[in-house]
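J.: One-letter residues, chain by chain:
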Amino acid sequence: MEAKTAEEQRALEQIAAVRAGEGCPNCLLGLLSERHALYADRNPADVTFLRGWILLAVAARGLTEKALPYVLEELESGTEPYLVGVAAHTLRTFPERRPAFAGLLLRAYNTIRGRDERLDFSAYGAVVRRPGEGTSAVQEIATSLAWLGGAAGDHLDALQAWLAAPNRPAVAEQLALAIARIEDEVPTAAAEARPSCCSMPRLEAADEGGSVEIADIELEDHAGRRLRFGEFFRGPSAAVFFYTRCDNAQKCPLTMTRLARLQRLLDKEGVEVRTAAITYDPDYDLPERLKNYGEIYGVTMADEHRVFRTPRDFAAVRRFFGLDVGYVDGVVNRHRVELYLLDGTTVVERSTRLQWDEAEVCARLKALRAGGADPTPG
Amino acid sequence: MSQEPDTGGYIQWLADPNRPRKERLQALGALQVAAMGGDRFDPYRSDYWAALRVGSEAEDEEIRYTCLQLLCMNKDRDTQKRLIASLDGSGPVLAPPVKALQFLSYDVHAGVFPIARQYADNPPNDEAQHEALRLLGSDPASTDLFAKILEDPAEDYEARSLSGICLRSLAPERYVAAGKKVMGNSADNADLRTEVLIGMVAVKTDPEDDELRELAKTVADDDGSNDSMKGSARRLLAQTPGTPQDGGQA
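Read top to bottom, the protein sequences are chains A and B. Those letters in the first sequence? Residues 53 to 430, by my numbering. Those letters in the second sequence? Residues 181 to 430, by my numbering.
Worth flagging that the hints you see were computed from the coordinates, not collected in a lab. Mixed in with the good hints there might be a few duds.
[Said to hold, decoys possible] From the derived model, a few chain A residues whose C-beta atoms are all more than 10 Å from chain B:
| hint | residue |
| --- | --- |
| 1 | ALA68 |
| 2 | ARG94 |
| 3 | GLU148 |
| 4 | GLY166 |
| 5 | PHE372 |
| 6 | THR404 |
[What the hints assert, rightly or not] So the derived label-pair ranges between C-beta atoms look like this:
| hint | chain 1 | residue 1 | chain 2 | residue 2 | range |
| --- | --- | --- | --- | --- | --- |
| 7 | B | VAL213 | A | ALA368 | 49 to 55 Å |
| 8 | B | ASN305 | A | PRO221 | 35 to 41 Å |
| 9 | B | LYS328 | A | PRO221 | 34 to 40 Å |
| 10 | B | GLN192 | A | GLY382 | 41 to 47 Å |
| 11 | B | LYS361 | A | ALA368 | 44 to 50 Å |
| 12 | A | GLU117 | B | ASN198 | 49 to 55 Å |
Quantities reported herein were computed from a predicted structural model and do not represent experimental measurements. Every residue, glycine too, gets a C-beta built ideally from N, C-alpha and C.
Given the sequences, and given the hints that come with them, work out the whole structure.
T.: In C-alpha cells:
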C-alpha cells in the first residue's frame, strides 16, 4: 500500500527505520494518538492498517512497558480483527508473561470469534485473498495464550471449554499447548508472578487543558437547555465522551453503561458530584438523540447529571481535554475510551487506554469531594 | 455436478474462479446458511471471508455482487476501500454506482460521504442519486445539499422527498425554513407539499413563527389544496399556541 499523504510518508519512513533497528521504538507511540494529523480525514481502513503497521514495528524491536497499554487496549476494546490480531501477535514480544494478559486475550477472543479473518502481517496494508493463507486474529490469540503458558493458569477452565468447541486445527493445537503448559508450569509461574505486575493502572494524572479558555464555551444538554461549561463544571465532576453512532460495543455503549453504574454507585455512597457525557459528534447528536441514547443505557439525566453536545466550537473542547479522537469528513474514524475527573474547570485525572472502573472512579470522586469543592447545582 | 461437499469444500468451490458458476453460487448459498450456525462455523469463518474476497472479484455479476454485499455487511475495510475506489474512478469498477452505494451504506464510518455527495449532486441517473441521498441521511454536512434539492421544483420528486426526510432528521430548523418555500409555492408538487406539511407537524416549530402560521392558513383555506393538505395544515395551526382562532377557522 502506498502513502497517500506527506504525513503518512513520513510515518512510514519512521516505521521503516525502527524495523531496520534504527531509531527508538517508543518514538512511534506518538503516532498512535488518535488526534495525530496522520489520521485526519483518513477512512477507517487506512487508520486500521496504519495503526497495525506501527504496532508491528514496535513488535519487531520488542514490546516495551510504555507501548504495552496500546496493545492491551486493542485486546480489551478492539473489534477490528486486523488490529486485535496484531495486538495479540505483538504481546508475545513483551519480555514478561503477566497473568493479567490472559483475561484480556480471552476477552478479545470472545469479541472477535464471530468476525475472525485471515491476516497478513508481512507488508503494510496486506490483505489475504485466499483461504488457508496467513494467520488469523483467533489464531494469534490462541498462540499468545500458549506463549503465556502457566501465567494463564487462572483461566484453565475457559481454555478447556474453548478447546472442546469446534476449532481450526492450528487454533486447537495452540490451545492444547497452552493447557499443557499451564498444567506443567503453574507452580513455577505462580512463584515468578509479582503481584505488582497484575495491576494495570486505569486512571492517570492529567496533563492537558491548562492553556484553553473553556469556562465560556456553550453546552446544550439532552433537554435542549443551554449553559456555559463553567456553569456546569463547578466542584468535583466526571466527564465521559461518546457518540451515538459508535458501532463498537466495547466503547461508547459500554462507556454509557458504566456511567449509569457510576451514577448509581455515587448515589448509594452519597457522593454529591456531577457527571456529564459529552458527544464527539455534536452536529449529528441533537438533544433528542442524546436523550434517547442516555435512556437506552439507563443514564440518569437530571440537573447534576447531563448528556451534552457543544453547539459551537467543539474544537476548543477537543483541545482542552486533549481528546484522542480522529475524524473523516466529520465522522469519527477512531477514538479511545475517555473519562476525565475535574475539579471545577481543572482536569485532575483521566482514564488510561484501558476501560475505567466505576468503583475506582467513585472513590476518587469521593476523595475530591472531601477536598471541599462546591457540588451544589447551579 | 460434483458430489455435495462439506463446509470446507464449499469454501474451496467459492474460492476457485475455474469452478462452474452454478457450483460457486451453490457454495455461496450453502455458506451463507452455514455462517449462521454459530460456534460450528467458527473454524471456517476466517477462510469464508477470504473466499468471499476471491468471489468479490468474480467476472460473474451475481457472485461478485453477493460477495461484495456480504463483505460490506461485515464492515470489511478492504472491500469498503475498493468500492470507494470503484466509485471515484481510482480503481476497477466492481459494481454500478447504485449497488456500490447500497453496499457502502452498511457502515457510516466507511468514509463514503464525500463521494456520495458528488453522486447526489451530480448523479449519473436517478437511482444512483436516491441511493446517495439515503446514504447521506446521517451526514450533517449534507444539510445544504438536502435543502437545495428539497426547494428545487426542477429536481426529481423522490429525490426531494428523500431530502426532506433526511433534512428533518438532521436539522429540523433548516427543514422548517426549506419547507416553508415548498408550502408557499402552490404550483409545486401536491404530494411533496403534503409531505412537508406532515413533516412540519412532526417537528418542534417556533410558536411565534408568523410566516409559518400564515402559510398554513393559506394552504388550509385554499380551494386548490387537497383534503390531506388541508388536514395537515389545520393540525399545524392547531399545534401553534396563541392562534386558537386560526385553528378554529381552518
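J.: Would you mind marking each hint as holding or not holding in the structure?
T.: These are the hints, each one checked on the structure:
1. At roughly 22 Å from the closest C-beta of chain B, the C-beta of A/ALA68 stays outside 10 Å, upholding its exclusion from the interface.
2. Distance to chain B contradicts A/ARG94 as a non-interface residue, since its nearest Cβ pair spans about 8 Å, not more than 10 Å.
3. In this structure A/GLU148 is separated from chain B by more than 10 Å, as the shortest Cβ-Cβ distance comes to about 30 Å.
4. Not every CB of chain B lies more than 10 Å from the CB of A/GLY166, the least distance being 7 Å, so the non-interface label is violated.
5. For A/PHE372, the requirement that its beta carbon stay farther than 10 Å from each beta carbon of chain B is met, with the minimum near 22 Å.
6. A cut-off of 10 Å between C-beta atoms confirms that A/THR404 is not in contact with chain B; the least separation is 24 Å.
7. Separated by about 52 Å at the C-beta atoms, B/VAL213 and A/ALA368 satisfy the suggested range of 49 to 55 Å.
8. Taken as a hint, the range 35 to 41 Å is violated for the pair B/ASN305 and A/PRO221, whose Cβ atoms sit roughly 50 Å apart.
9. About 58 Å separates the C-beta atoms of B/LYS328 and A/PRO221, a value inconsistent with the hinted range of 34 to 40 Å.
10. Between B/GLN192 and A/GLY382, the C-beta spacing of about 43 Å keeps the proposed range 41 to 47 Å intact.
11. About 35 Å separates the C-beta atoms of B/LYS361 and A/ALA368, a value inconsistent with the hinted range of 44 to 50 Å.
12. Roughly 52 Å separates the CB atoms of A/GLU117 and B/ASN198, a value that falls within the hinted 49 to 55 Å.
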